[in-house]
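In the numbering used here, the protein residues as written are 1 to 480.
In short, the hints are calculated from the structure, not lab data.
We put the beta carbon where it would ideally sit given N, CA and C, even for glycine.
Treat the hints with caution; some may be incorrect.
[Unchecked claim] With beta-carbon atoms standing in for the labels, derived distance ranges:
(1) 22 <-> 347: 30 to 40 Å
(2) 459 <-> 126: 38 to 48 Å
(3) 326 <-> 71: 19 to 29 Å
(4) 128 <-> 85: 25 to 35 Å
(5) 413 <-> 78: 48 to 58 Å
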Amino acid sequence: MDSEHPSDELSTRIETYQRYRDVFSSAPIRLMSRVVSSMRSRGFGDLATAIGDLDWRTVPTNDPEDPQLRQDWGDLLKCAATHVDGWLSQLSEHPMGYNLDSIGYPAVTRAWSEVWRHQVGLEFANSPGTLPQVFVFHGGNQCLQAALMGVSEAKREREGCASPATMLVPLPTFSCPLDQMALQGMRVHLLAPSRPDMDPDPDDLTTIGDGQEIDGLYLMPINNPTGRTLPPEQLRAFLAAFLDRWPHAGIILDSVYVRLHPQHRQLLSWFGEDPRFAERVVFIDSLSKTHGVTGLRAGAILSRATPFVGGITRYAQNVMAGPSNMMQAMTLALLAPYVTGDKDLKRARLRLQLRIGRHLRRRRRLILGRAFARHGELLDASQPLLPDPEGFDWEGSMYAVLRLSDRCLEAAARHGVSPTVALYFETGIGGVPLAGFCGNPNLTRHGLVANQDEARLAAFQREVQRYVRLSFGMTPPPAA
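Start from the sequences, fold in the hints, and give me the full structure.
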């Protein structure tokens with residue numbers, strides 16, 4: 001930090017942390033977020049907040065790489081909101097009283113279908129008399145809930161109700177999916193990685209005993225929390241090896257960051273190379289990251305996997321989990337070029353989306369560069385999870401995971417806190433322990449971890465205690 005009184009800053013950080021610790025002890029991700037927010041409100045700057053979502057207001061008005069991005073991005077959101085006003089004024093004084101199709105749900109699903117056809121090169125469409133291939137829900141988390149229910153129902157139809165479905169989850173992974181699996185009573189096999197970069201590898205599957213039955217796989221082509229991109233050939237090899245072992249299982253690919261990536265088509269180019277993928281893969285998408293509209297709660301499932309789509313369809317119909325009229329209207333406004341077929345406007349929207357990605361890239365590079373320049377002694381010389389530990393190149397998301405040095409571990413022991421909190425005390429950098437993404441207390445408490453006693457898993461969970469996950473979602477980039 002820029003200060004002449006580091007001891008005063010340290011005492012203020014400790015005081016703030018202690019004040020929040022008891023209140024947020026059951027939610028460690030939120031805890032560090034609120035600690036850092038409190039620090040900033042008291043005039044202490046920070047390099048990265050613990051949690052956040054992409055927001056157009058993080059773009060500086062004088063961004064040297066893209067001076068018009070803030071205005072263009074803001075104009076898009078303003079136009080979409082104006083479109084919503086027009087829809088609601090036509091409906092009635094009580095627009096939420098209309099049914100699901102008041103805005104035009106088929107138009108919304110067709111828009112999402114066209115986004116994927118145009119940008120990713122994969123075709124999914126809803127046709128009369130057949131199972132749907134495109135579903136729109138309230139956000140990616142609800143999409144995940146529906147996909148997990150699809151896996152569970154497929155198992156019940158295949159084997160009956162004697163035992164719950166078992167999911168395979170390569171670690172590290174985001175905490176919300178693990179919580180949802182626990183809430184649904186699913187058993188989970190936590191797959192510890194063997195590679196230093198923690199990317200899933202086909203050889204990792206050989207560590208699972210022959211008697212372990214798996215009904216589904218949850219995986220992110222661009223990982224949260226690490227921010228790493230899984231190369232398409234590596235992802236294909238892992239999925240093929242998984243289906244070789246469990247040919248009946250479903251594959252849920254949480255792809256909410258894929259369309260932000262400069263190589264968006266290549267990342268999923270393997271899909272048509274093996275006919276098994278079409279029958280087993282369920283894609284999850286969202287507008288939260290590509291458009292910076294987390295509060296809109298707009299997500300989609302795209303899949304031709306008939307064994308699982310039946311359960312997803314019944315979830316959408318019977319739970320009435322479809323999106324509100326307001327969400328449909330704004331989503332349709334944001335995706336309108338893909339319905340109208342305006343080629344120039346489609347190209348402009350795609351360019352804007354990739355400009356948002358470049359904004360993330362610049363922020364990530366500047367913040368990490370400053371962190372290593374100022375506090376290199378607290379960060380390990382070896383950074384296996386950073387694909388480019390010198391240039392800090394962007395990997396497709398707003399996250400990065402750093403390995404902490406022995407000196408940081410010594411500071412943690414001195415303060416009697418975790419290494420992540422010690423990093424915060426010493427530097428003002430607020431992050432989240434990677435360990436929180438490598439297990440789940442709800443799964444453990446209810447005995448739902450299928451390999452809880454595995455020595456390999458325990459060793460990995462010990463190692464990740466020295467890693468911290470940073471998020472750059474709400475942090476303006478420092479001056480270059």
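So, going through the hints one by one against the coordinates:
{"no.": "1", "hint": "22 <-> 347: 30 to 40 Å", "verdict": "violated, 53 Å"}
{"no.": "2", "hint": "459 <-> 126: 38 to 48 Å", "verdict": "holds, 47 Å"}
{"no.": "3", "hint": "326 <-> 71: 19 to 29 Å", "verdict": "holds, 25 Å"}
{"no.": "4", "hint": "128 <-> 85: 25 to 35 Å", "verdict": "holds, 32 Å"}
{"no.": "5", "hint": "413 <-> 78: 48 to 58 Å", "verdict": "holds, 51 Å"}
Checked against the numbered hints above, the structure breaks only hint 1 and satisfies the rest.
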